[in-house]
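Read off the chains here:
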Amino acid sequence: MDLNNNKIIEMYTTMKKIREFENNASKLFAEGQIHGFVHLYIGEEAVATGVCANLREDDYITSTHRGHGHIIAKGGDVKYMMAELYGRETGYCKGKGGSMHIADATRGILGANGIVGAGQNIATGAGLSAKLRGTDQVCACFFGDGSTNQGTFHESLNLASIWRLPVIFVCENNLYGISMHQSRHQAIQDIADRAVAYNIPGVVVDGNDIFAVYEAAKEAIERARNGQGPSLIECKTYRHHGHFEGDPAKYKPAEEVAEWMSKDPIPRLINYMIDNNILSKEELTEIDNTISKEIKEAIKFAEESPWPPIESVVEDIYTDIVEEVRK
Amino acid sequence: MKELSMMEAIREAMTKKMREDPTVFIMGEDVGAFGGCFGVTSGMYEEFGQERVRDTPISEGAIIGCAVGAAATGTRPIAELMFIDFVTVGADQLVNQAAKMRYMVGGKIKLPMVVRLPLGAGTRAAAQHSQSLEAWIAHIPGLKVVYPSVPSDAYGLMLKAIEDDNPVVFLEHKILYGVRGEVDENAKPIEFGKADIKREGKDLTVAATGRMVHEALKAAEELSKEGIEIEIFDPRTLFPFDKETLFKSIEKTNKLLIVSEENKRGSFAGEISAIVAEECFDYLDAPIRRLCSVNSPVPFSPVLEDYYMPNAKDIIEAAKAIV
Amino acid sequence: MKKIGIIANPASGKDIRRLVSHATVVDNNEKINIVKRIILASQGTGVEEIYIMPDTFLIGHKAIEDLTLSKELKVSVNILKMDVHGTLADTIRAAKLMEDIGVDVIVVLGGDGTLRAVAKGNSKVPIIGISTGTNNVYPKMIEGTVAGMAASVIAMNMCDKNNTCIKDKRIEIYKNSNLLDIALVDCVISRQTFVGSKAIWDEQDIVKVIVTNAHPAAIGFSTIVGVRKIITDADDFGASVNLNVGDDYYVAPIAAGTMKLIRIDEPEILKIGEGYKIEFNFNGVMALDGERELIFKSGEIYEVKITRNGPIRVDVMKTIESAQEIGFFKSK
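Residue numbers (this note's numbering), protein chains in the order written: chain W, 70 to 396; chain Z, 24 to 346; chain P, 2 to 333.
So here's chain W without its partners, still in its complex pose (with noise of 0.2 Å):
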């Protein structure tokens, strides 16, 4: 396994990243600085970071409503992120997605998105262009237990694999469907169950070990660029928050959640650097403020953005209609 020193510390900047921004976006939220719906990815970072951790710039991914945690890994720019759930000029979307619909287009990201299931199916689109257009790019396709019961899962992967095509369906188990725990909402319990109805490779990885998703996702992912096909790992993981900033999760039992905090991916990670004289506590430390002072940096940057011109609101619905929309 090709996993030296600085490609761990590289996943475990990622993770704080991640975890960084979450964190001030919930407290952001609960200020009132951020509208909308917010939901986070606090407590799955490694499923992303994993997974992403192996794709090159110009491979894809599609993400969904719980997203901001795969444009990081994706390399997206906190600074732009933040400017976006501000709803300003400067954000990725220029003020016109939000926190459901953040994406850097320009790094494969091909939308989150608000409708539960619906990456799947333009993943499957753009493993088909890939193939279609003789390159070696794949796409991870990032979607929630929720989705599995939806009809995009189905068609997505038959027809992924009736054409065998570069996608890497990973499912960020969490164990609820909003509300709803995953033993009310299907009659299995490990997603990678329904990938032999379409003759694809299933796999069940730990999805709060860094390690464990890593390696899931490289053979995937090698697999998809040999022209051998889709693959589905299911990344059994748990958000520490409610499906949105707001919900009060009333419905995880204590137990529960302490069972799966004790599980955080994070100082998992910690304690093996530590372990392995990867990096010492205080060159920890250091990564820590300098990604702390990014975030601090990107909400300032959010903060004095200016808001989109009233104007813009016709702009980027078509390439080439504007004015005529406004009529």
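By construction, these hints were calculated from the structure, which means they are not laboratory data.
Hints may be right or wrong, so weigh each one.
Here are some chain W residues the structure puts well away from chain Z; computed CB gaps all over 10 Å [claimed, not checked]: (1) K148; (2) E291; (3) G298; (4) P322.
No farther apart than 25 Å at their CA atoms in a straight line, the calculated lysine-lysine pairs in the PhoX-like style are these [said to hold, decoys possible]: (5) W/K321 with P/K82; (6) P/K306 with P/K176; (7) Z/K225 with Z/K248; (8) P/K141 with P/K4; (9) W/K350 with P/K298; (10) W/K396 with Z/K287; (11) Z/K343 with Z/K221; (12) W/K200 with Z/K40; (13) W/K396 with Z/K133; (14) P/K75 with P/K331; (15) W/K148 with Z/K133; (16) W/K332 with P/K298; (17) W/K332 with P/K121; (18) Z/K25 with Z/K39; (19) W/K76 with P/K199; (20) P/K199 with W/K287; (21) W/K200 with Z/K133; (22) P/K331 with P/K199.
Just so you know, even glycine gets a beta-carbon here, dropped at the ideal spot from N, CA and C.
Chain W is already provided as a structure; the job is to place chains Z and P on it using the hints.
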């Protein structure tokens, strides 16, 4: 120039663009060796092969959604659904994904894709294979909606639809597939938002789409014998919509009859009516009249289906009543 | 009362080997069906009480529900009363509880990891392992009905256990004289420094393999020894072999469908009961029965010992055959 059916005109335009641009491809149910539900892609599989004339499972959401992903990543897909009625199955991918993706990401993605939707009644195919749902689609910001009525328009509009960098919904009336007309194969693409006056007249403007253009043309012959000259306005694209040409016609005739195969309630005919009432009221000498289908599902029995939608006779009656 | 226990691990058959060695995911509903067939076969041959480990997927509950609805359930089936955490600790605990309850035999559905956990929780009650995966050395691919019948024979005492059950060997791993962990078949020492997706498949990083048994047909890492030397249950020794030393290359099936060319030295015989010291000069991980488990550090010293403290394994075919001979299947 050569004489082509509407179906051939659509096929020739797609073939031309596929020869020019290797990133253009077709996907849909049975579009391959089978040649498409109505035969529109017949012979294309032989020329372009299975990769570019691509059969899909019966999975409308996957067809449109896959086209969205492919369009966002450097290809120009043409997705065919068998019937517009099935767009409901893939509606999320059209309404929430194709139409909105560019806007939601701040204009950094373009989606050059065409969704072809055969529509319309008259084939005795009953309620789930006969609808005219153009109002739904035209309602969604982010989509362009094309509705040709003659082969030459279909040819030029399809060329433009494939070249366009935005999602274009291309409506094809099934009854018109066999209608023949002269097509200039070297014709330039037809710009969207440019209506066509299918017949000039001074007494009444008849705004009609799709098959109703032909019913209006039939009615015009009869009315002419009685000294009534109607002007037939065919918008050709519902969005963008050519208001100027319509207003100019009304300035001349001062009267407007809108004919559409849609159910009347909530129809695009209502939208045209509202536009004229808001922006061109001063030129009207009579109330605007809409002639549409009954507000019922499309019935099966020939007797009921024929009654259900407007025809030349109904247009004649309505025209006489207005003039 | 003739009692049997059933332990089914819902997590088995799903790991990364689906991606790296052409294995197929084993769905949990099939595991429920297997449990149902064990229940039906054992109740049909005289078992009166069945105990099932609770699990996160409720395999036992669902089996009971289905058999109740189909009106086939005659025997008393109980789900053990214990907390469920969804980890191998559940299995260890359940095996211990079953031993305490006094079940006569435990049928286990899972892979090598599950069987190892059962062996950690119990060493007195005979076990029958049903493999629910394609990469297992210890449990075998046998039909639930057959396992159920064999369990019944053991519970009814209708065979001579000295002939039909084998007291297995195991590898014991000690640090500072404390028993840290065990392996039933193989212990693989790798230079990888994390547990990750648990399964081990990358032979490049492997330094040493220690085995209790070895055979070229026993797919897995023990074949690395097996291709040079066969070691059976009856042999009172195990062996170890070093990789990437010497001049001899061998082809070994280290996983189902995975044939690897491996350079190995002459296997060293490890006698039963004798401790062998291993001192590491690198950081790495020990994989026990195919799964990365024990992280070690450079400079640490471990002791491994092959013993006969393994589980009592039921030879299913011999058991059924000896029962048949004395009229087990004759209607009373």
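Results for each hint:
The claim that W/K148 is not at the interface with chain Z holds, since no C-beta of that chain comes within 10 Å of its own (minimum 15 Å). The non-interface label for W/E291 is consistent with chain Z: the shortest C-beta to C-beta separation is roughly 21 Å, beyond 10 Å. No beta-carbon of chain Z is positioned within 10 Å of the beta-carbon of W/G298; the least distance is around 15 Å. Even its closest Cβ contact with chain Z, about 34 Å, leaves W/P322 beyond 10 Å, as expected for a residue assigned away from the interface.
Of the supplied pair hints, the one linking W/K321 and P/K82 holds, its CA atoms being roughly 22 Å apart against a limit of 25 Å. Of the supplied pair hints, the one linking P/K306 and P/K176 holds, its CA atoms being roughly 11 Å apart against a limit of 25 Å. Pair hint Z/K225 plus Z/K248 holds up; C-alpha atoms about 14 Å apart against a cutoff of 25 Å. Simply put, P/K141 and P/K4 have alpha-carbon atoms about 22 Å apart, close enough for the 25 Å limit, and the pair holds.
At most 25 Å may separate the alpha-carbon atoms for a hinted pair to count; W/K350 and P/K298 meet this at roughly 19 Å. Annotation: proposed proximity of W/K396 to Z/K287 holds, straight-line Cα distance about 24 Å (limit 25 Å). Between Z/K343 and Z/K221 the alpha-carbon distance is near 20 Å, which keeps this suggested pair within the 25 Å criterion. With a C-alpha separation of about 20 Å, the suggested pairing of W/K200 with Z/K40 holds against the 25 Å cut-off.
Only pairs whose Cα atoms come within 25 Å are accepted, and W/K396 paired with Z/K133 is accepted, the gap being roughly 23 Å. Only pairs whose Cα atoms come within 25 Å are accepted, and P/K75 paired with P/K331 is accepted, the gap being roughly 20 Å. At most 25 Å may separate the alpha-carbon atoms for a hinted pair to count; W/K148 and Z/K133 meet this at roughly 24 Å. Taking the CA atoms of W/K332 and P/K298, the gap is near 23 Å; set against the 25 Å cutoff, the hint holds.
Among the hinted pairs, W/K332 with P/K121 is consistent with the structure: their alpha-carbon atoms are about 24 Å apart, no more than 25 Å. Note on Z/K25 and Z/K39: the hinted pairing holds, with a Cα-Cα distance of about 15 Å set against a maximum of 25 Å. Only pairs whose Cα atoms come within 25 Å are accepted, and W/K76 paired with P/K199 is accepted, the gap being roughly 20 Å. Pair hint P/K199 plus W/K287 holds up; C-alpha atoms about 15 Å apart against a cutoff of 25 Å.
For the hint linking W/K200 to Z/K133, the alpha-carbon distance of about 19 Å falls within 25 Å, and the restraint holds. Distance hint between P/K331 and P/K199 is unfulfilled; the C-alpha atoms sit about 47 Å from each other, more than 25 Å.
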